[in-house]
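These protein sequence lines map, in sequence, to chains A and B.
Just so you know, our numbering puts 83 at position 80 of the first sequence, and the rest follows in order with no gaps.
Just so you know, our numbering puts 791 at position 788 of the second sequence, and the rest follows in order with no gaps.
Treat the hints loosely; a few may be bogus.
To be verified - Computed cross-link-like contacts, SDA-like style, restricted to lysine to any residue with a CA-CA straight-line distance of at most 20 Å:
1. K87/A <-> G613/B
2. K356/B <-> G115/A
3. K356/B <-> R114/A
As the list claims (entries may be wrong) - According to the in silico footprint, chain B covers these stretches of chain A (three or more CB under 8 Å from chain B):
4. 51 to 62
5. 104 to 115
6. 191 to 197
7. 217 to 223
It is worth saying that the hints were derived from the structure and are not from the lab.
Every residue gets a Cβ at the ideal spot worked out from N, C-alpha and C, and that includes glycine.
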Amino acid sequence: MLVARALSKDYASGEKPLTVLHDVSFEIARGAYVSIVGPSGSGKTTLLGLLAGLDTPTRGSVLLDGADMGALGEDARAALRGEKVGFVFQSFQLIPTLTALENVQVPLELRGEVSTSEAAKRATALLDRVGLHGRSHHFPTQLSGGEQQRVALARAFVNAPQILFADEPTGNLDGATGARIVELIEELNRERGTTVVLVTHDSALAERTQRTIRLADGAVIEDITRAPAVV
Amino acid sequence: MSTPGLRPAVLARLAWRESRTARRRLALYMSSIALGVAALVAIDSFAGNVTRSIREQSRNLLGGDLQVSSRASFPTVVDTMLDSLSQAGIASASVTSFASMALAAETGNTRLVQVRAVSDGYPFYGTIGTQPAGLWSAAHGDAPVVFVDPSLLVSLDAQVGDSMRLGQQMFVIAASLENVPGDAGITAVIGPRVFVSSRWLTNMQLLQAGSRAEYEAVLRLPAQDNGTRAGEQLARVLRRRIDPGNADQVAEDATRERAASALGGGERLDDSVTVGDGAAGLAAAPTRVRVRTVVDTERDFTEAVSRLADFLSVIGLIALLLGGIGVASGIHAFVVSKIDTVAVLRCLGASSKQVLALYVLQAGTMGLVGAAAGTALGVGIQLVLSGLVKEFLPLDVAPTVEWRAVAMGLGIGVWVALIFALRPLLALRRVSPLQALRRATDENALPREWTDPARLFVDVALVCSIVGIAVARTGSWTDGLFVTLGIAAAVLVLWAAATLLIQLARRSVRSSWPFAFRQGVANLYRPANQTRAVTLALGFGAFLLATVYLVQGNLLKRFEVADMAAAGNLLFFDVQDDQVNALDSLVRRDGHPIVERTPIVTMRVAAVNGMNAQRLMSDTTIDRPRWVLRREYRSSYRDSLSPSEKVLEGTWTADAAARERRRGPDGPYEVSLEAGVATDLLVTLGDTITWDVQGVRVNTVVTSIREVNWARFETNFFAIFAPEALRAAPQQHVLIADIADPVTLAQVQRDAIRQFPNVSSLDLSVIRSTIKGITDRVTIAIRFLGVFCLAIGIPVLFSAVAATRRARLREGVLLRTLGASRSLVQRVLFAEYAALGVLGAVTGMALAFGGAWALMRFVFDDTFVPAWGAAAGIMTATVVLTVGIGLLTSRDVHRETPMTVLRDA
C-alpha cells in the first residue's frame, strides 16, 4: 500500500543544510494499523508529510498504491490525496467558516463526483456514525475539542480513503475524549479496511497499534510488528 | 485517477460558505474602489447628461438653425443676403447685445447691464420664460417695455411695473426673466440681462461709432429643411457669399484649431470670415462675420464638456488606482488569514487552481459589490452635481441614469478590484499543505517567486490596465501615458521614501531609547513591517488632497491680489473724446480724485516687418495663431508703466524728447507689446509692426516686451504706444475715480448717467462681490473634491493597516504576556503609527508641492505660492488619522486574552 524507499529530507538552515530524515525505508501493507513514534525533533511529522505527499523528499521516494509521489506535481499529488488519503490533525484543522456538515462535505465537493445532495447525505451519515447527530449545523467554534476531532474524522473518511494519516490525533484532547477518538479510528479501520498511519509520542496509544516504527534523530531505530495487518 | 473536479455551482456555493466571516472585511477592502468608481460614474453620467441635453437643445442654444454674428454692424453684403434669404422662406431675427447703464426712475439707482435688443420672432426655438408668466409676447408691442433679470430688480431696488431708463428711452419693466434659452444663469451675475425689442434701439441712442456691441442674426430654415445637413449646406453657401476667397480656408482653419484646442492647445475656435464691405484698401476696417450652425454649437459645447470631464476623470482615475492599492493591501491581509484554510483544502485534495478560483470568486464578488456601491454613489453625486452647476450651464440638464456610464463604472471597478486583488491572491496557490501539519510564519507560508509566470503576467496586465484605462479616460495616448508616468513617479517616490525610512530606522535605533519608542521605531523595519504599504496609501492620499488645496489656494489668490490692488473703485468706460473733460469735472466737483484716465484706440495689425497681415495669415508654412493678426486691438498710449506691468526685454522710454530724438522725422513710433501676444505674433525687439488705426497706417517698432498681470482691476493692453503715435487718433476713454462713500458713489453714477447716457460706469465693489460669489462656489466645489480625496484615503488606510494587523496583534499580546501594561503596548503602537503618519504626510506634501507647482506653472501659467498653513493643517490631520486608524485597528490587543491569540497563532 505504502512504500518508503531511502527517504531523506534536508532543510536549508544557515549555510549548511540540516538533514532531518536519513535514509528511511519501510513498507506498510493495505489495512495495516501503524504508529510512528519518537521524541520531539525525531522527524515524525516530517516523515508523515512525506508519506502523505504533503512534501517531497530530498532523496528517495514514496509509493502510494503504486504511484511514485515524487514524480507527481503538487496538483497531481493533491488529486491523489483527495482520492486515496484522509487526514486527522492534532489541532483538528477544521475550516472555521464552514459548519460541521459543510466541513465533511468539502472533500466530496472538491472531487465533484457526487451531487451536492448525495454529498450531504454521506456527510450526515458519517457525522451520525461518529456520534454527532444533531450537531451538523454547528460551526467549529461552537463545538468542543472532542467534537471537532470527530468532525475531522468524519471528513477524513467521507471519501472512503485507502489510507488515513493521523498526526497526534489525541494531542489536544483530554484522556477520555482522546480514547474515544482512538476507538473510533480503530472501528473505522476495521469496518472499512482503511490503512491507518498514526504519529504520536503517546506510548500507550502506540501500544494499541499492530506495528510501531520508532524514530530517533531522523532514522528508524526500531520497527516492531505486534499483529499481522488485516488485508 | 482523474476526477470531474469542482463544478462551477459547487465552487460558487463553497466560496459563498467559506466567505462567511470574511465578507464584511472583504467589503471594507473593496470599498476602497467604491469612491473611485463613484467619481468616474458621476463624471461620465453628468457628461453624458449634458452632451445629450446639448444634442436635444442645440437649436435652443443657438436660438435658430443658423447664426450670423459680428462685433460690428453687419456689412451690406450680409444685410442683402439676409433679405434674399427671407424671400426664400428663411426667416431671420436680430439680436444686438451691448453693455449700458440702467437707471431706475423711481429709486434713482443705477447698474451696468447687458442689453439684448431682439427683433420679433426671437428665439425661433425654445421660449423665454417670464415672471409673471407668458408676458414675452408683449415685448414687441407699441409700449416700450423691458424684461430684466431678477437680480437687477434687487440691485436697483425696483419692481415689475416700475420705469427704467436705458440711454434716452424710458421703459416699463414688464416682467422678470426666468429662463432664456442658450444663456447660462451665471451670466446674469456678471451683468444682469435686459431684453428689449430692437425697435427701440434708435430711441435709446446708445450705439455710437466705436461702441462695443455684438450683432447677431439667427436664421430659421423652413420646416421641411431644418435638418442639420441643410443648415451646414446653407452655412457653406453663406460663408462663400460673404467672402468667396476665404470660406474654404476658414472651414479648414476651424477644423485645425478645433483639433488643437481639443488637445489642450487652448486656441479659440473661430469660423469667421472677413468682409471688406466692398470698400477698397484701408478706408473701412474689415468686419469679421461668423457663421455658426447647430452642429458647430453642439460640437463646441460637447468639446468643452468633455475637456472638463477628462480633467475631472483623471482625479477619478487616481482615486480608483489609490483604491486599487487599498484593495491589494486588504487582500494581502485576507490572504494571510486564509493560509490555514488553504493548507487544509490542499490536504483534502484541492488543486492550486481550485484554491485560486475559490478566492478569486470571493474577491470578484466583493469587488462587484464595491463597484456597485460606488456606482450607486456616483449616480447620487451626479444628481447633486447637476444641481450645483445648473446655473453655470446654458441649457436645462435633466439628470437621468446613464446606463453606459453605470456599466463602464461597474466594469472598470470590478476589473481594477480583481487585477489588484489577483496579485496577493496568487500567493495562495503556493501555500503548502504541509502548513496544516506544521505552521510556518506568515511570510514563509506565502513564498514569493519573482519568476512565477502567473505573477509576471498579472504584473504586466496590471500595468497595461492602468495605461489602458488612463488612455481611454483622457482620450489620448500622450495624456494617458503622461498620467500613468505621473502616478508611477509618485508611487516610486513614496516607495523610495519608505525604503529610506526603513534603512534609517534600522540604523538609528539605540538601546538607550525608551522601550516603547524603541519598539515602535523597530517595527518600521522588522519582518512583516507595514512601512511601505502605509506610506504608499497615506502619501498618495495626502498628495492628492494637498495638491487640490494648494492649487485652489493659488487660483483664488489671483482674485485676492486683484481685490487689493485696485487703485480706484468707480470705473467709467465708453467715454467719448468730447465727454472726457466734462466727466472729469463732474467727478472732481465734489473733490473726488480721478486716479486713472486712459485713452483707448481701436486698431488692427496691417503688416509685420513689412509683410501684409492678409498674406501672413494665408502663409501656412509658419505656425502662427491667426487670432493675433485678425483681432481688433484696443490699445492705449502713455509715458509710464502701470503697477501691473513689468518690462521683460528692451527698454521703456518715458522721456518724450528722448523718443523723438531716437525716432527721427519719419521713423517708426515706439510700441511695447505684452509678452504673450509678442510670442504669438512671432515678433521680438526691433521688429516693425504697421497698424491700421481706423484707416490710418501707423508704423511702429517693438522697443519693449512687457509682462502684464491681467487679473488686476486696471486697464491693461496688448500694445502700448508712445503717446505721439496715437494722440490724434479717434479714441474713447476709461476713467477710474476713487470715491469711498457708497452713497456719494451712487450719486455720482446717477449724475453721470443723466448727463452722459452712453457712458457706462461700474462700481468695483459690485465686481468684488460678484467674483466673491463665483470664487465661493469654486471653493465649495474644490473643498468637495478635497473631502472626496480624504474619504478615499480612509478605507485605503484601513486596508493598509489591516495587512499587518495579525502580526501587530500577536506582538502586542506577546508583550502583554511578558508583563507589558496596556499603556506600554499602546505607546509602542503609537510610536510606530506616528512615524508612519509623519513620513506619509511629509512625502505626500513634498509630492503635492511639486505637483501643484507644476500645475500652476504649466497648466495655469502662473507662479506658485506655497500655502504653508494649509500644508501644516493637512499634515497634522494625516498624522492624527494614521495614529487613530492604527490604534483603532489594533484595539483587539486589549480585547483578546493572551491565551486566545497564542492558541490561534
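Consistency of the hints with the structure:
With a C-alpha separation of about 98 Å, the suggested pairing of K87/A with G613/B is violated against the 20 Å cut-off. Between K356/B and G115/A the CA atoms are separated by roughly 14 Å; this keeps the pair inside 20 Å, and the hint holds. For the suggested pair K356/B and R114/A, the alpha carbons sit about 13 Å apart, so the restraint of at most 20 Å is met. Only when three residues or more bring their CB closer than 8 Å to a CB of chain B does the claim for the region 51 to 62 of chain A stand; here the count is 5, and the claim holds.
Check result for the region 104 to 115 of chain A against chain B: holds, 7 residues qualifying (beta carbon to beta carbon below 8 Å, three or more required). Under a criterion of three residues with beta carbons nearer than 8 Å to beta carbons of chain B, the stated coverage of the region 191 to 197 of chain A fails, only 0 such residues being counted. Closer than 8 Å: that is the beta-carbon criterion, and the region 217 to 223 of chain A has 0 residues meeting it against chain B, so the requirement of 3 is violated.
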